[in-house]
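Numbering-wise, the sequence shown is residues 0 to 1039 according to numbering that gives the first Met the number 0.
I should point out that these hints are in silico values taken from the structure, not numbers from a laboratory.
Treat the hints with care, as some may be off.
Said to hold, decoys possible - Ranges between beta-carbon positions, derived for each pair:
{"id": "1", "residue 1": "ILE736", "residue 2": "GLU993", "range": "42 to 50 Å"}
{"id": "2", "residue 1": "LEU694", "residue 2": "ASN960", "range": "25 to 33 Å"}
{"id": "3", "residue 1": "MET751", "residue 2": "MET991", "range": "40 to 48 Å"}
{"id": "4", "residue 1": "ILE633", "residue 2": "SER902", "range": "35 to 43 Å"}
{"id": "5", "residue 1": "ILE589", "residue 2": "ILE633", "range": "18 to 26 Å"}
Said to hold, decoys possible - Straight line, CA to CA, 25 Å or less: simulated DSS-like cross-link-like pairs of lysine-lysine:
{"id": "6", "residue 1": "LYS231", "residue 2": "LYS295"}
{"id": "7", "residue 1": "LYS828", "residue 2": "LYS842"}
{"id": "8", "residue 1": "LYS280", "residue 2": "LYS978"}
{"id": "9", "residue 1": "LYS926", "residue 2": "LYS912"}
{"id": "10", "residue 1": "LYS988", "residue 2": "LYS386"}
{"id": "11", "residue 1": "LYS305", "residue 2": "LYS988"}
{"id": "12", "residue 1": "LYS231", "residue 2": "LYS776"}
{"id": "13", "residue 1": "LYS400", "residue 2": "LYS280"}
{"id": "14", "residue 1": "LYS978", "residue 2": "LYS236"}
{"id": "15", "residue 1": "LYS662", "residue 2": "LYS776"}
{"id": "16", "residue 1": "LYS607", "residue 2": "LYS912"}
{"id": "17", "residue 1": "LYS750", "residue 2": "LYS776"}
{"id": "18", "residue 1": "LYS267", "residue 2": "LYS986"}
{"id": "19", "residue 1": "LYS280", "residue 2": "LYS515"}
{"id": "20", "residue 1": "LYS262", "residue 2": "LYS305"}
{"id": "21", "residue 1": "LYS400", "residue 2": "LYS287"}
{"id": "22", "residue 1": "LYS315", "residue 2": "LYS997"}
{"id": "23", "residue 1": "LYS997", "residue 2": "LYS262"}
{"id": "24", "residue 1": "LYS515", "residue 2": "LYS986"}
Backbone N, C-alpha and C fix where the C-beta goes; we use that ideal spot for every residue, glycine too.
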Amino acid sequence: MNVCGGHGWATGERVCLTVLRTGVQSQAPPVWSLHLLPVPGYSQTMCSTCGGGEIHLGETRNTSYSTLSVPGSPTLRTGITKDEEPCIMRRSDNYWPVPSEEKNVDMDNTKAQSDNSIPMKNLNAEGRASLRPQFGPYFADGERRVDYVLAYHIQKPNRSSSRKSPKFGDDNFIRRLRRSLSMRSSRAPLQPKEDPEIAAQEQQTDYHEDEKRFRREEFVENLLKTGLEVEKADECKIPGIGFLKIHAPWNVLCREAEFMKLKIPTNKVFEIKQGNNIVEKVRLFIHKVTSPLHPKVDTNKSPSVKSLSHPFSREKEHLFDLSDRDHVFDSRTRSFIVYEVLKRTRCTRAMYSMGITSLLANGVYTAAYPPHDGDIEGVNAEPNDRKTLYEEWASYSVFYKYQPIGLIRKYFGEKVGLYFAWLGVYTQMLIPAAIVGVIVFLYGCATIDDNVPSMEICDPRNNITMCPLCDRACGYWKLVTACGTARASHLFDNPATVFFSIFMALWAVLFMEHWKRRQMRLNYVWDLTAFGEEEEEEHKDHNRAEYELRVMQKAMRQENSTSKGEKVKLTCTDRLPAYLNTVAMMAFMITVTFVIVFGVVLYRISIKTALHISTYPAAQYNVRATVKTTAAIINLIVIIILDEIYGAIARWLTVLEVPKTDKSFEERLIFKTFVLKFVNAFTPIVYLAFFRGRLVGRPGNYVYVVASYRMEECAHAGCLMELCIQLCITMLGKQLIQNNLFEIGIPKLKKMLRKKKSALDKQQQEELTKSLQQHEKDHLLGPFVGLNPEYMEMIIQFGMVTLFVASFPLAPLFALLNNIIEIRLDAKKFVTELRRPIAVKAKTIGIWYKLLRGLSKVAVIVNAFVISFTSDFIPRLVYQYMYSPDGTMHGFVNHSLSYFNVSDFQPGTDPLKPMNLGHKVEICRYKDYREPPWSSTSYDLSKEFWAILAVRLGFVVVFQNVVMLMSDFVDWLIPDIPKDISLQIHKEKVLMVELFMKEEHGKSLALRDSHNHNSCTSPSSSSQSPQQPRSRPVSNANCY
């Protein structure tokens, strides 16, 4: 059967297709062969080869033959454009094509490949054991390592689909073929370095299964052209899922390592000399003392010897240590290299170019991940890095040990390694903060009986009658009933808390400086000192897929109005609606938080009135404690719920903004998430610290909100105790419920639901799990969603520890206990519950360091205001040195209370039961500094109030500047780069120069020897060379 198509749009030549059908007489299904032949003679109606009707298959250019194979469909031999490659493989605008000798030749395997070495074939992996299981999953031959896995959905074939009419009765096939061949390609960006499965969760599209199969076939064909080797496993024990296993041979690894400028250890090894200063001696002494706390890993590696590393070059392979190829490119590096190739590989026969992220988003592939090294449990589990991490890191029994940061970086990459290194430094620094906080708390416990103000409150002989706490329902009460609250407040409101606030401000600076030095040491050990500048320059044009899609849509709209040379990009005008939407939504969400906090305030006011009215004795027993605790629990529940909502809203707003690069997307997402979650967590605390009790008015002239709701008052001992209760419940609740219970309970709940849905019993499920291969087991794990949630938990905790530490000295202790569990919990999650993430290089923790720096600066100001305005430290200080007759605190309680005549109550606000104390009350007291009713300026603010306010403001200014100055001095005093590291970096540069100078010298000697040898052996060399002067005769003595 002959089929002719349309004319070539570039050359005007005619395209004729000859369709051959075989196997018609046999029982086998027919096989179709489709040939595209350029026909010189152009005819508007019919080609000379065609004897029948024409089927238009689209336009083409000058063609060269290639083959497109579709399982279960005709084998198509099509003409593919020479000028337009079906796969755009680029890291920059100029990408060298892969030489033909490097495409399918594995330099690591010198023996001839058999049928099993075919790059792609269907396999039944059941019953085939890997020859080297201890090093991870391998192909069926047991030699080639699985470096990356792509999973896809398998649809059961329809039996009727194999019966085809001889005249292409299935028009769908021809239409799909035409679409596959006629779509023009368009350039698209490289994808971000995060997990492509997570990055592809936007813009889901329901593609037909045949379209998906065509995309997969094209993508695999293009992968083979890059030199990768693949193995297809459609028959596996997970129903409906097929796997494409990818292997990078040695020549591809070398090519990509040179292209990506990966640093490889050279043959040059030098000794690391330890410093002789006091700091280094102390560090070595501490290292020896704590040697039992170090994990049992890297025992064969000497810490005093380091290999000189340099970016890999195939021309200088002799300089590198390639004796053990399995360790030159470990599993982390191999998967990273394969992922870089996957990012460059494109499917271009669709309407627009599709990369791995787009293929995942459209359901062509359902998952993409590097496989784990092996099993972690069981008798047959071979030794591997994953099992070592499970035993020495992800176990609660080793909570007292240091983390194996080097092995974490080796297995998960630098970005994950830096996170756990930062978390370890933060947890270590919490130890001295927790010890000092406990000492401050114990000091409050020890001096509670010597605190004069609390003793005066608890003394019944004072007989002080206080004004009602609410209108009508509340009655007069005795100050002695607040004895317990006053004594408890002294535990957190004592002179030691001022010292602790200064200590924590300096602690935050020391923590930041210690981390910078630790980070620099890790950069040196991990060969990242020169990383960052060139890599950022190379990746600045690697745009996100969503950005390129929007640019393409804009270019299509402006196709007629835009000149050909003008580059289309998204401007601020294009993003203006998204920016306005972001501002409006952020403002709305913050307003929602404020409204909820105000709702909790109304709850406290109403429930307090209801408890006072109640006739139930237990309800009236401890009204204040009940109201405080229940309100704090309500705030905690609201914070946990809104955290999840705000995280989703922040991601949605960031997607609408269409950031250009992945780095920009991540930074914008982090900023929005941090602002929303910070406001959500700290708004109730800020209200209690700075607003409650400030705008209440006075008896007879109270401030009301929402009709008859009177603003809240602080207890006589101040609002610091309520602030402490709110901080304690919020911090413990978030850590226990949100951070730990959710991370432990939700994965176990999902696992339990999967088991219930399965038709197999427990024993059958265990047997099935044991029989699965490693890539199949990894598919059952959860996808890696990034480190942002982990960082966000710790940043909010850091705020809890530093911002209001003056009111809660035990916060560092609770944070320390939580982090000890958090480290092992996160470790277990990474090792056992998540798929292996892509190893991403990173030199710093990024924007998180800036947030930590900002919080440490804000913490100084916040603690200054807490000490000055929330606690009674300044009023006590002013009374002792200005108003006390004997220079002691005796009489402070009476001095801090004002007088009120009960006859001055507004109508309808006086107590319903004025005789609840058994006698008639004429004068009651309230906490404020106002003139007495018998004064000429009754109820006005007294001079004591203005004196105390001036001292408070002065204390804030002095405290802030002194602590900031001390912090900046500590920052200046401690260098960011340790001295020994700076010396080693300089030494490495000198050794590198010596190594290359030695190589150049060797080359020059070899070139001179070769030249002399050629001049001695070539008889015509003398006749062809210019004549030498007689004073300098030619000597050939060195030739013999």
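Right, here's what the structure says about each hint:
1. Distance hint for ILE736 and GLU993: a CB-CB separation of about 59 Å, inconsistent with the stated range 42 to 50 Å.
2. In this structure the supplied range 25 to 33 Å holds for LEU694 paired with ASN960, their Cβ-Cβ distance being about 29 Å.
3. Between MET751 and MET991, the C-beta spacing of about 56 Å breaks the proposed range 40 to 48 Å.
4. The hint said 35 to 43 Å for the Cβ distance between ILE633 and SER902, and at roughly 39 Å that hint holds.
5. Separation of ILE589 from ILE633 is about 19 Å and conforms to the stated range, judged on CB atoms against 18 to 26 Å.
6. At most 25 Å may separate the alpha-carbon atoms for a hinted pair to count; LYS231 and LYS295 exceed this at roughly 39 Å.
7. In summary, the hint linking LYS828 to LYS842 is supported, as the alpha carbons are separated by about 24 Å, within the 25 Å threshold.
8. Under the criterion of a C-alpha separation no larger than 25 Å, the hint pairing LYS280 with LYS978 is consistent with the structure, at around 13 Å.
9. With a C-alpha separation of about 22 Å, the suggested pairing of LYS926 with LYS912 holds against the 25 Å cut-off.
10. Among the hinted pairs, LYS988 with LYS386 is inconsistent with the structure: their alpha-carbon atoms are about 37 Å apart, more than 25 Å.
11. Proximity of LYS305 to LYS988 is assessed by CA-CA distance (about 14 Å); at most 25 Å being required, the pair is judged to hold.
12. Between LYS231 and LYS776 the alpha-carbon distance is near 17 Å, which keeps this suggested pair within the 25 Å criterion.
13. Only pairs whose Cα atoms come within 25 Å are accepted, and LYS400 paired with LYS280 is accepted, the gap being roughly 22 Å.
14. Between LYS978 and LYS236, the direct Cα distance comes to roughly 57 Å. Violation of the 25 Å bound is thereby established for this hinted pair.
15. This hinted pair does not check out: LYS662 and LYS776 have alpha carbons roughly 32 Å apart, beyond 25 Å.
16. Our distance criterion of 25 Å between C-alpha atoms is met by LYS607 and LYS912, whose separation comes to about 17 Å.
17. Taking the CA atoms of LYS750 and LYS776, the gap is about 13 Å. The hint holds against a cut of 25 Å.
18. A C-alpha spacing of about 13 Å is found between LYS267 and LYS986, which places the hinted pair at or below 25 Å, so the restraint holds.
19. Simply put, LYS280 and LYS515 have alpha-carbon atoms about 20 Å apart, close enough for the 25 Å limit, and the pair holds.
20. Distance hint between LYS262 and LYS305 is fulfilled; the C-alpha atoms sit about 14 Å from each other, no more than 25 Å.
21. Our distance criterion of 25 Å between C-alpha atoms is met by LYS400 and LYS287, whose separation comes to about 14 Å.
22. Straight-line distance between C-alpha atoms of LYS315 and LYS997 comes to about 13 Å, which keeps the hinted pair within the 25 Å bound.
23. Taking the CA atoms of LYS997 and LYS262, the gap is near 20 Å; set against the 25 Å cutoff, the hint holds.
24. As the CA atoms of LYS515 and LYS986 are separated by approximately 21 Å, the hinted pair is consistent with the 25 Å bound.
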